[in-house]
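Residue numbers (numbering that gives the first Met the number 0), protein chains in the order written: chain A, 0 to 171; chain B, 0 to 249.
For the record, the hints were derived by calculation from the structure and aren't laboratory data. Don't take every hint at face value.
[Unchecked claim] Selected chain B positions facing chain A (in silico; Cβ < 8 Å):
| hint | residue |
| --- | --- |
| 1 | V36 |
| 2 | L42 |
| 3 | V44 |
| 4 | C46 |
| 5 | S67 |
| 6 | G85 |
| 7 | A184 |
Glycine residues also receive a C-beta, built at the ideal position from the N, C-alpha and C atoms.
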Amino acid sequence: MATDTNAAEPVGMPQLDFATFPNQIFWLVVTLVVIYFVLSRIALPRIAAVLAERQGTISNDITAAEELKLKAQEAERAYEKALADARAEAQRIVAETKAEIKADLAAATARADAEISARAAEAEKQIAEIRENAMESVTIVARATAGELVAALGFQADEAAVTAAVDAKVKG
Amino acid sequence: MASDQATGGLQIHPMDQFIVKPLFGGDAIHWYTPTNVTLWMALAVVCVVLLLVIGTRGRALVPSRVQSIAELAYGFVYKMVEDVAGKDGVKYFPYIMTLFIFIVFANFLGLIPMAFTTTSHIAVTATMALAVFFFVTILGIVKHGFGFLSLFWISAAPLALRPILALIEVISYFVRPVSHSIRLAGNMMAGHAVIKVFAGFAGVLGVGAVFPLAAITAVYALEVLVSFIQAYVFAILTCVYLRDALHPHH
Chain A
0 MATDTNAAEP VGMPQLDFAT FPNQIFWLVV TLVVIYFVLS RIALPRIAAV LAERQGTISN
60 DITAAEELKL KAQEAERAYE KALADARAEA QRIVAETKAE IKADLAAATA RADAEISARA
120 AEAEKQIAEI RENAMESVTI VARATAGELV AALGFQADEA AVTAAVDAKV KG
Chain B
0 MASDQATGGL QIHPMDQFIV KPLFGGDAIH WYTPTNVTLW MALAVVCVVL LLVIGTRGRA
60 LVPSRVQSIA ELAYGFVYKM VEDVAGKDGV KYFPYIMTLF IFIVFANFLG LIPMAFTTTS
120 HIAVTATMAL AVFFFVTILG IVKHGFGFLS LFWISAAPLA LRPILALIEV ISYFVRPVSH
180 SIRLAGNMMA GHAVIKVFAG FAGVLGVGAV FPLAAITAVY ALEVLVSFIQ AYVFAILTCV
240 YLRDALHPHH
């Protein structure tokens, strides 16, 4: 183990050249102190701040996204409610209209029925009149015919008897 | 060197790359002499500043590539400290980050051809390991006083075994800085020396140099992995020791 300060001289292992130890240790300490101050004063707080800021931004964005999602759900609910309302309104209108039409129809039907029955009654009355007239005419014709027939047979016809006989026959 | 020349054509000096030399000529290495150690440690500082200060200059919400790497490094070490040392270990995160980032850059800079690997020197790694050792030991004693000794008294074990276990625990506790430092320096030194040995073969084999070159490529790839893993191991062991100091009760 060389203890001389000449590093160019061959030694078993340069690692075991104790003469260089103070030099290495001194520069190591300087290096570590410099790195420590660079890290603790500048680098690490900065990186920590960046990471925290990013975390904050991400969680803010997530919160905003959740809010927007809630709003969208609310809007969807409002839309569905409006749709349901409109549907109910339409059904109500349909039912109302149907009822109105039914009422109109019923009224019209009733009126038509009334008219029909009125006309039928009138027609029946006329038919009865006509039948009566016809019966009278038949009686007159039958009386005349019976009188003529009796005369044709050479008998003097008693007008009252003929009339009675014809009336009885027509009634019968 | 004279002995090396005597051996003939095959001249391999795998350890020469680890020699500490003054930067500006001269032979004397005083404690303050700027050496290649100074240069490569300064380069590590420059890299740290480039990555963690210049790289994060934008403070962008959507990070640039360099800022992403800086944030990844931050998150990686932060999570390691939090997971291993616990919530109250987070206070010491800047110290562990300092060690980790320095070792990572020193290891990777050492992989540049002709570079000097500062972490391959036991003086460097032992200084860091001893600093960690004294730091956690003093921290444990300050935090828990006499109770810190319960670290060595395993209450889960049968009573008869406890003194023996305590002896083993004490020995392993004091061996910690040794393994902690030699692991890193040994890994760095061995890998670089192996590459240098293969490179020496390549120099004398002519066309056959293809094989050592392939070996160098493979070892280099492995060394890239080892560079990161050793920095990680150093940092995570520091966290483990820190946890022992903060929570000595098993």
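Quick rundown of the hints versus the structure:
Proximity of V36(B) to chain A holds as hinted, the smallest CB-CB distance being about 5 Å (cut-off 8 Å). With a cut of 8 Å, the hint placing L42(B) at the interface with chain A is violated, because the nearest CB-to-CB distance is about 10 Å. Interface hint at V44(B): satisfied, since its Cβ lies 5 Å from the closest Cβ of chain A, which is below the 8 Å cut-off. Given the 8 Å rule on beta carbons, the hint for C46(B) is violated: about 10 Å separates it from the nearest Cβ of chain A.
At a threshold of 8 Å, the smallest CB-CB gap from S67(B) to chain A is about 11 Å, leaving the interface hint violated. The criterion of a C-beta within 8 Å of any C-beta in chain A is not met by G85(B), whose closest approach is roughly 19 Å, and the hint is violated. With its C-beta approaching chain A no nearer than about 7 Å, A184(B) sits inside the 8 Å limit, and its interface hint holds.
Hints 2, 4, 5, 6, counting from the list given before, are not met by this structure.
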